[in-house]
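All chains should be modelled from the sequences, with the hints used to inform the complete structure.
Each chain is listed here by its residues.
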Amino acid sequence: MMDLASILRYAAPIGFSAVGETVGERAGVINIGLEGTMLLSAYAATELSLTTKSPWLGLIAGAIVGVTTSLASGVLTINMRQDQVVVGTALNLLSFGLCGTLFERLRGATGQLLSLPALPKVWGGIDLALVVLVLFAAALTVVLVRSDWGLRVRASGEYPASLEAAGYSVNRTRFEAVSVGGLLAGLGGAYYAIGVAGSFAPDMISGRGFMAIAIVTFARWKPIWGLVAACLVGYFESLQYQLQMTHQDVPKSLLIALPYVATLLILIFSGRGTNAPAALGEPYKGMR
Amino acid sequence: MRILMPSLILFATLLTGCSKDGQGTTASNGTEAGEDSASFKVALLTPGPVNDSGWSALAFEGLEAIRTETGALTSNQVAQGSDIKESMRSYAQKGYQLVLGHGFEYNEPGIQVAKDFPDTVFISSSGSATAKNAGAIRFYLEQSFYLAGVLAANVSKTGTVGMVGGPDVPSIRSTFKAFRAGAEASKPGTKVLEVFTGKNDDVAAARQVAETMIKSGADVLIHQANAAAQGVFTACKDGKAWALGANLNQNDNESGVVIGSATISAKAAFLEVAKLVKEKKFDGNVVQLGMEKGAIDFVYNDKLKSQIPEPALKAVEEAKSNIISGKLVAPKDKF
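First to last, the sequence lines map onto chains W and B. The numbering of the first sequence is the working numbering, which starts it at 3 and goes up by one. The numbering of the second sequence is the working numbering, which starts it at 312 and goes up by one.
A couple of the hints might just be wrong.
Listed below are the simulated DMTMM-like cross-link pairs for lysine to aspartate or glutamate, each with C-alpha atoms no more than 20 Å apart in a straight line [unchecked claim]:
hint: 1; chain 1: B; residue 1: Lys443; chain 2: B; residue 2: Glu583
hint: 2; chain 1: W; residue 1: Lys55; chain 2: B; residue 2: Asp549
hint: 3; chain 1: B; residue 1: Lys591; chain 2: B; residue 2: Asp608
hint: 4; chain 1: B; residue 1: Lys526; chain 2: W; residue 2: Glu160
hint: 5; chain 1: B; residue 1: Lys625; chain 2: B; residue 2: Asp608
hint: 6; chain 1: B; residue 1: Lys405; chain 2: B; residue 2: Asp427
hint: 7; chain 1: B; residue 1: Lys631; chain 2: B; residue 2: Glu590
hint: 8; chain 1: B; residue 1: Lys468; chain 2: B; residue 2: Glu621
hint: 9; chain 1: B; residue 1: Lys502; chain 2: W; residue 2: Asp251
hint: 10; chain 1: B; residue 1: Lys591; chain 2: B; residue 2: Asp394
hint: 11; chain 1: B; residue 1: Lys426; chain 2: B; residue 2: Glu380
hint: 12; chain 1: W; residue 1: Lys55; chain 2: B; residue 2: Glu565
hint: 13; chain 1: W; residue 1: Lys123; chain 2: B; residue 2: Asp549
hint: 14; chain 1: B; residue 1: Lys405; chain 2: B; residue 2: Asp430
hint: 15; chain 1: B; residue 1: Lys468; chain 2: B; residue 2: Glu505
Quick caveat, the hints were computed from the structure, so don't treat them as lab data.
Here you go:
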């Protein structure tokens, strides 16, 4: 029942995105458009891996799309100081529409069941992308706390004026953090298509982007805990499928809700006080 | 700069609209010349996008058949929940003579809206309520799911088979009941696993469920997961299990493990209703369509048929002829 490799693999899309989103939020920028970013990246990865027959190029394409979309929304939220929630929502709508339209144009009006090239496994059920994910989560946890760059990121999320007073650019720091977030969200989406599903459907992300945002809060803005929390939700998900098979008389809807209810309960009981970055969601207007 | 955000949102919304409605516009291009109140107009409402390679896709094929055969102007839209009635009204106001709703959830709203628009006929796939200008086509998919169950139980070496569902809705539950009945009747003691992912097209969830079932000993799986079906097929390929397709003929899937498919063809039924409506002969009824009319079928994968043991083929053949002759009634829920 406890197949750790499988749980990590199925949790990885949320894991990647949550780790990346943590960095962005630590710098004060919340990315509601995570769901859309994941979908766009997943689709880019799908088409590229199908044309080139290389899963790696697919992942790279996803990462590039992730960074590009995060920079684009950064222009709106950081430079133009627009409302982050509104921009994110627009990004989601844009992504859903764009993917649906492109998918129909390229794959026919009634769709197509696609089968993507798989990543080679290096050890058990683990592939290189999962190793990269664990390394990213661990490294970013340390970097955020120990490095100068991490200090700048945290300052820009807690009290951006202090960063400017110290002679650094808040916008630049936020852009750097947001592109790390975009890179990982892109990898998350691409990994969903290539590493987990092995296929694409325009509706397939199914709220994983929003789950990732919730998990950042759940993990108290610590990258490594974000990954752990994603795995925990993933564990409840696989437990829930087991229960559906062994307890056929229990209403399915109750069991389907289990991972979400469990997350909510843990959130309630683990949350004493809040560690949210003080300037989260606030555009920085400068000291003048 | 202040103008940029609103226009971006507007652009995004437009694009979203495009994807849901996109084929509708392209599909109608062919008959654009005759577009006026005079021409025959048919609309289709689906619970999901028609690019789902499954339930909604087969309805779109039916709509395409109406367009090419009757020269109708066609349009389609995704409509769920509270949007259903609104979409129906909007099509009726635009002078559409026929509005097809692909699912049982369109039955009741159709009856209600029909009162206000006597010149438009509202048909739902599934459902039992009728009015003078509203009715339903009941696809008896349970018949071929029953046969799939018979085949699965006879092909299985482990005595365990599985069903992977998307959302837990009455229409899917009903087909799963028929599959279970077929399996248990044909090989008593067969274990039938049933799991719903709870999501529409979540390919990863479908794959995870299928992997879990295979690990628990299942070696033949059927699905009701539309666009997420590839997840089930890939898991079967990796786990050396057989798979069964549903709704559309999925036998030629790349995985090479689909031994047969339980199919619905909406073309004939949609066309028949469209012609009745066009000639103003529709009088409000529920048409039940099953194997005997050719709307439902179970098709083997010719490439894999040689690997199916003879007794299994015989059991399916026998059940099939009994269903067509009416001696055997596949169970179905009322909804």
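Status of the hints after comparison with the structure:
1. Under the criterion of a C-alpha separation no larger than 20 Å, the hint pairing Lys443 (chain B) with Glu583 (chain B) is consistent with the structure, at around 17 Å.
2. Only pairs whose Cα atoms come within 20 Å are accepted, and Lys55 (chain W) paired with Asp549 (chain B) is accepted, the gap being roughly 19 Å.
3. A C-alpha spacing of about 30 Å is found between Lys591 (chain B) and Asp608 (chain B), which places the hinted pair above 20 Å, so the restraint is violated.
4. With a C-alpha separation of about 48 Å, the suggested pair Lys526 (chain B) and Glu160 (chain W) falls outside the 20 Å cut-off, and the hint is violated.
5. At roughly 16 Å between alpha-carbon atoms, Lys625 (chain B) and Asp608 (chain B) fall within 20 Å of each other, so this suggested pair holds.
6. Of the supplied pair hints, the one linking Lys405 (chain B) and Asp427 (chain B) holds, its CA atoms being roughly 14 Å apart against a limit of 20 Å.
7. Distance restraint check for Lys631 (chain B) and Glu590 (chain B): the Cα-Cα separation of roughly 35 Å exceeds the 20 Å cut-off, and the hinted pair is therefore not satisfied.
8. For the hint pairing Lys468 (chain B) with Glu621 (chain B), the CA-to-CA distance comes to about 14 Å; that is within 20 Å, so the pair holds.
9. A C-alpha spacing of about 15 Å is found between Lys502 (chain B) and Asp251 (chain W), which places the hinted pair at or below 20 Å, so the restraint holds.
10. For a cut-off of 20 Å, the pair hint linking Lys591 (chain B) to Asp394 (chain B) is broken: about 28 Å separates their Cα positions.
11. At most 20 Å may separate the alpha-carbon atoms for a hinted pair to count; Lys426 (chain B) and Glu380 (chain B) exceed this at roughly 29 Å.
12. Taken as a hint, the Lys55 (chain W) and Glu565 (chain B) pair is honoured in the structure, with Cα atoms around 15 Å apart against an allowance of 20 Å.
13. Note on Lys123 (chain W) and Asp549 (chain B): the hinted pairing holds, with a Cα-Cα distance of about 13 Å set against a maximum of 20 Å.
14. Among the hinted pairs, Lys405 (chain B) with Asp430 (chain B) is consistent with the structure: their alpha-carbon atoms are about 11 Å apart, no more than 20 Å.
15. This hinted pair checks out: Lys468 (chain B) and Glu505 (chain B) have alpha carbons roughly 18 Å apart, not beyond 20 Å.
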